[in-house]
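Spelled out, the chains give:
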Amino acid sequence: MSDSPSHSDGDLLRLLSAGNEKAFLEFYRRHQGAVYRFAFQMSGKSEIAEEVTQDVFVVVMNSAKRYDSERGSVAAFLYGIARNFVLRTLERERPYLTVLDDPAGDYMGRMVADQDVFGELARHERIEILRKAVLALPPAYREVVVLCDLHERDYADAADALGCAVGTVRSRLHRARALLAEKLRAGERCAV
Amino acid sequence: MNHQDQELLEDLRALASQGPGEAPAHIEEYLKAQFRRKNRRRKFLVWTPAFSAAAAAGIALLLWVRSGAPRSAPAAAAMHAVAPVEEEADANFYPLPEAEALPALENAMVVRVQLPVSSLQLMGFPVAEERADASVQADLLLGQDGLARGVRLVQ
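Going down the list, the protein sequences come from chains L and H.
By the working numbering, the letter at position 159 of the first sequence is numbered 159, and the numbering carries on one by one without gaps.
By the working numbering, the letter at position 24 of the second sequence is numbered 1024, and the numbering carries on one by one without gaps.
Read the hints as simulated data drawn from the structure, not as lab findings.
We put the CB at the ideal spot given by N, CA and C, even for glycine.
Wrong hints could be hidden among the right ones.
As the list claims (entries may be wrong) - Below are the DMTMM-like pairs computed for lysine to aspartate or glutamate, each with C-alpha atoms no more than 20 Å apart in a straight line:
| no. | chain 1 | residue 1 | chain 2 | residue 2 |
| --- | --- | --- | --- | --- |
| 1 | L | K132 | L | D11 |
| 2 | L | K45 | H | E1022 |
| 3 | L | K132 | H | D1005 |
| 4 | H | K1032 | L | D11 |
| 5 | L | K65 | L | E21 |
| 6 | H | K1032 | L | E128 |
To be verified - Residues of chain L clear of chain H, computed beta-carbon distances all greater than 10 Å:
| no. | residue |
| --- | --- |
| 7 | S8 |
| 8 | V74 |
| 9 | G80 |
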């Protein structure tokens, strides 16, 4: 394999299933960020995100041949595997999880600009409430918000990843956004 | 889309831009090691039947030669590829990983074969990565059952 970055995902999957390490690494580097972010945004926990990312790519190295391009994009294939691992892990760890235990303060700190400090703080607070609200959504709603709103996947891709109809994605997303808006309003009322 | 929906989407976009962007580097290291381990196992599984096939071919040829078949020129040429080696059985052969589980050696013979260098890696020989696609001449030590017990590099 050359060092050219122009290999398609399909080519990389074929090469890596034949034992080509460079192809595996190129494929991993291309997709790890999305898989990791998805698992993190679904769980709110970096340990779970790490475990899921690892598991997803172990599945890829062992079963790359399972990917069928007619059933959806490579991204949908990866999100689908990641989603199964996340749900399984959340189910396993449910007694120990709380949605408030990972405040992500490091990232929030960057948002406070010198100018309009109060405005930025209010926005910071809104986004923190939103983050917690996303994590508090039931998994079926959370996964469509993460895929469609946070990862900007289209409905068809999200439907492939979740193994459901496009109409289901659309209706769940509509309902999920309504729940989020409600939580944000409630959060603002408490702040006032 | 009303103002509140618009605001919610903007907040979701802001949320998406926060948080970690990449998986930690140790995951890549772990996966790389896993991939190599898996590949070594796969290559071993590929080459074990090849060793056995070479061994079986060697036995068949030896039996045919010993049975007194008329020696044509090709058969005679093959003679130096297969030779009984009672006296040679312990002569610098490197034991194969699975040979320990096989019955003790009674009648040994040696078959000279071309081996891919990558298969030598599986036996634990130190081999430079860039030579993995080359092949070398080696002697295989076969037992009375036709299964390979050891290997010796000719080159």
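Hints, one by one, checked against the model:
no.: 1; hint: L:K132 with L:D11; result: violated (39 Å)
no.: 2; hint: L:K45 with H:E1022; result: holds (14 Å)
no.: 3; hint: L:K132 with H:D1005; result: holds (18 Å)
no.: 4; hint: H:K1032 with L:D11; result: holds (19 Å)
no.: 5; hint: L:K65 with L:E21; result: holds (16 Å)
no.: 6; hint: H:K1032 with L:E128; result: violated (36 Å)
no.: 7; hint: S8; result: holds (20 Å)
no.: 8; hint: V74; result: holds (17 Å)
no.: 9; hint: G80; result: holds (18 Å)
In summary, the numbered hints that this structure violates are 1 and 6.
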